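Enquirer: So the protein lines, in turn, are chains A and B.
Position 179 of the first sequence, counting from 1, maps to 179 under the numbering used here, and the rest follow consecutively.
Position 135 of the second sequence, counting from 1, maps to 135 under the numbering used here, and the rest follow consecutively.
Read the hints as simulated data drawn from the structure, not as lab findings.
These numbers were taken from a predicted model, which means no experiment stands behind them.
Even for Gly, the Cβ is constructed at its ideal location relative to N, Cα and C.
Please note that the accuracy of each hint is not assured.
Unchecked claim - Here are the in silico distance ranges between beta carbons for each label pair:
#1 B:Ala-129 x A:Glu-236: 55 to 63 Å
#2 A:Arg-117 x B:Ile-154: 25 to 33 Å
#3 B:Ile-203 x A:Arg-117: 34 to 42 Å
#4 A:Glu-20 x B:Phe-194: 34 to 42 Å
To be verified - Derived EDC-like pairs (lysine to aspartate or glutamate); straight-line CA-CA distance at most 20 Å:
#5 A:Lys-72 x B:Glu-210
#6 A:Lys-80 x B:Asp-224
#7 A:Lys-72 x A:Glu-7
#8 A:Lys-186 x A:Asp-201
#9 B:Lys-47 x B:Glu-210
#10 A:Lys-81 x A:Glu-7
#11 A:Lys-81 x A:Asp-159
#12 A:Lys-135 x B:Glu-170
#13 A:Lys-135 x B:Glu-20
#14 A:Lys-186 x A:Asp-159
#15 A:Lys-81 x A:Asp-9
#16 A:Lys-183 x A:Asp-201
#17 A:Lys-183 x A:Glu-165
#18 A:Lys-135 x B:Asp-14
#19 B:Lys-47 x B:Asp-96
Stated by the list, open to error - Facing chain B, according to a computed beta carbon distance under 7 Å, are these residues of chain A, among others:
#20 Tyr-55
#21 Ile-84
#22 Phe-94
#23 Phe-104
#24 Leu-107
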Amino acid sequence: MSHHIVEFDNVFFRYPDGTEALRGINFRITHGESVGVVGANGAGKSTLLQHMNGYLMPTSGTVTIGDLSLTKKTRQEFRKKVGIVFQNPDDQLFMPTVFDDVAFGPLNLGLDEAAVRERVHKSLVMVNGLTLQDKPPHHLSCGQKSAVAIAAVMAMEPDILAMDEPAANLDPRSRRSLITLLKTFKHTKIIASHDLDLILDVCERCLVIGGGCVVADGPSSEILSDGKLLEENSLELPLSLQRR
Amino acid sequence: MTFNEKYFDVGRLDRLSYQETWVHRLDPRTKVIATMLFLITVISFPKYEVVALVPFFLYPVLVMTIGDIPFRFIIKKVLAVSPFVIFIGIFNPLLDTGTAAIIPGIPISAGWLSFISILLKFFLTISAALLLIATTSFPGVCHAFRRLGVPSLIISQLFFLYRYLFVLMEEAMRIIRARDMRAFDRRGTGIKVFARLVGTLFIRTVDRAERIYYAMLARGFQGDIPTLKKSRMTATDFAFLVTTIALIFVFRFFSFTEEIGRTVQGLFI
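Turn these sequences into a full structure, and let the hints steer you where they fit.
Expert: Listed below in structure tokens is the structure:
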């Protein structure tokens, strides 16, 4: 299953205004792994995610998924393989109804009507959102919006799921059901978040990003219990590990 | 009316369109075609026509009743835009003073007739348009237009307008609320601060547009928004359309009101 491997090889990225966001990122994620990406505000987490489907191109270095390396030509292929869920669901749900929004990706993949309907149905059932399908996104609550945003990405059946702060703005119950949902996905998962408990719960591996580099890489249970390392990166121990 | 109330008012029109009545269930295309025909017919009357316009009120009244749309809500909306029309028409009675008709005893100038005609046409057209929006979801109207041949680029723009109108209004509401909370006694509510608020709103909008475009690319967007055909015209739709067209035709080309008048007169004389 070599086609689900994600590899960043010495990736540098500089924004047009001169900010160096990534300075030599190296890691390799194999099939089925779930990886948390943590780090201070502005450490480069979102920039990193935006490289995974070619919205940003590395200034130098290579991003490889399976046997494809990222170039302007292979971008479309990348977008089929990697589904990204954004932090703010309002940015992601741009169609007038939930159904249309979830159908947007599959239709762009060129599927026929029956297949599109089936995918929409399947992914809405997955997130418990079937009753929402005729509603316009602005009538939904925040938790519902983020559920639909996940369905919209899942409907494209990506090999790899990348998420940016999936639990931001969710109430505890919605957050809990999100975690349960994430655990059922057999995909390769890459989750950038400040919610360290969520990472500890969902991801077996964890990357710490600081100053545009990978500062630490290892099992979540190890990294997230290392108070000193976390503090150096403007983080702290997950709440569940703070109780004594 | 404060900004908050305005916001919920727009939302109300939108919520009305998600009701379930007979009118709401009609295919959007049916309603779009009927409304267009209605508008064109009303506008096509000559400028001194008053009497023949009256039967046309049947359409908005019927749609409002069957569609369970609150009468006062629509009237309020129509009145809110009426100053524009009054300004356009108000000079007619002054400029066009020739006598056009005589109701026993009182001569009526052509200007007054055309003014009243303008008002009637305005009431009819605006209420018909509002009722279309109140009985058909906005996406429905867009799909109808697309399938009636309007270019998809324009339709996409309309979709985005509808989707982000509410997001943008909420954003504006948050900014204004934040200002009001720290603007004691009118300080900080002046035009200078306002200009900067609008600037901020604009920048945020541009940023958001960028993020939305990114989201679209992430899901394989390549220049066109594809959609599935969802609705189908049924026998009810055709029945509604045929009846409407027939009535519009009769009202337009036969002086219906005059006939009623004559019949009634005939009864008494």
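Enquirer: With reference to the structure, classify each hint as holding or not holding.
Expert: Results of checking the hints against the structure:
1. Remark: the range hint 55 to 63 Å for Ala-129 (chain B) to Glu-236 (chain A) is upheld by a beta-carbon distance near 57 Å.
2. In this structure, Arg-117 (chain A) and Ile-154 (chain B) meet the distance hint of 25 to 33 Å, their C-beta atoms being roughly 27 Å apart.
3. As the Cβ distance of Ile-203 (chain B) to Arg-117 (chain A) is approximately 40 Å, the hint placing it in 34 to 42 Å holds.
4. Between Glu-20 (chain A) and Phe-194 (chain B) the C-beta distance comes to about 38 Å, which sits within the given range of 34 to 42 Å.
5. For the proposed pair Lys-72 (chain A) and Glu-210 (chain B), the alpha carbon gap of about 19 Å is at most 20 Å, so the pair holds.
6. Annotation: proposed proximity of Lys-80 (chain A) to Asp-224 (chain B) holds, straight-line Cα distance about 17 Å (limit 20 Å).
7. Of the pairs offered as hints, the one joining Lys-72 (chain A) and Glu-7 (chain A) holds, with about 17 Å between alpha carbons and a cut-off of 20 Å not exceeded.
8. Distance hint between Lys-186 (chain A) and Asp-201 (chain A) is fulfilled; the C-alpha atoms sit about 15 Å from each other, no more than 20 Å.
9. For the given pair, Lys-47 (chain B) sits about 49 Å from Glu-210 (chain B) by alpha-carbon distance, which is inconsistent with the 20 Å threshold.
10. In summary, the hint linking Lys-81 (chain A) to Glu-7 (chain A) is supported, as the alpha carbons are separated by about 14 Å, within the 20 Å threshold.
11. Taking the CA atoms of Lys-81 (chain A) and Asp-159 (chain A), the gap is near 5 Å; set against the 20 Å cutoff, the hint holds.
12. In summary, the hint linking Lys-135 (chain A) to Glu-170 (chain B) is supported, as the alpha carbons are separated by about 19 Å, within the 20 Å threshold.
13. At roughly 14 Å between alpha-carbon atoms, Lys-135 (chain A) and Glu-20 (chain B) fall within 20 Å of each other, so this suggested pair holds.
14. With a CA separation close to 9 Å, the supplied pair Lys-186 (chain A) and Asp-159 (chain A) stays within the 20 Å bound.
15. Restraint check for Lys-81 (chain A) and Asp-9 (chain A): satisfied, since their Cα atoms lie roughly 19 Å apart, inside the 20 Å limit.
16. Pair hint Lys-183 (chain A) plus Asp-201 (chain A) holds up; C-alpha atoms about 9 Å apart against a cutoff of 20 Å.
17. Distance hint between Lys-183 (chain A) and Glu-165 (chain A) is fulfilled; the C-alpha atoms sit about 16 Å from each other, no more than 20 Å.
18. Annotation: proposed proximity of Lys-135 (chain A) to Asp-14 (chain B) holds, straight-line Cα distance about 11 Å (limit 20 Å).
19. A C-alpha spacing of about 12 Å is found between Lys-47 (chain B) and Asp-96 (chain B), which places the hinted pair at or below 20 Å, so the restraint holds.
20. The beta carbon of Tyr-55 (chain A) is positioned within 7 Å of a beta carbon in chain B (closest approach about 5 Å), and the interface hint is therefore held.
21. Restraint check, Ile-84 (chain A) versus chain B: the minimum CB separation of about 5 Å is within 7 Å; hint holds.
22. Interface restraint check for Phe-94 (chain A): the shortest CB-CB distance to chain B comes to about 5 Å, inside 7 Å, so the restraint holds.
23. The beta carbon of Phe-104 (chain A) comes within 6 Å of a beta carbon in chain B, closer than 7 Å, and the hint placing it at the interface holds.
24. A least Cβ separation of about 4 Å between Leu-107 (chain A) and chain B falls short of the 7 Å threshold, and the interface hint therefore holds.
Figure legend: structure checked against the earlier numbered hints; the only hint not met is number 9.
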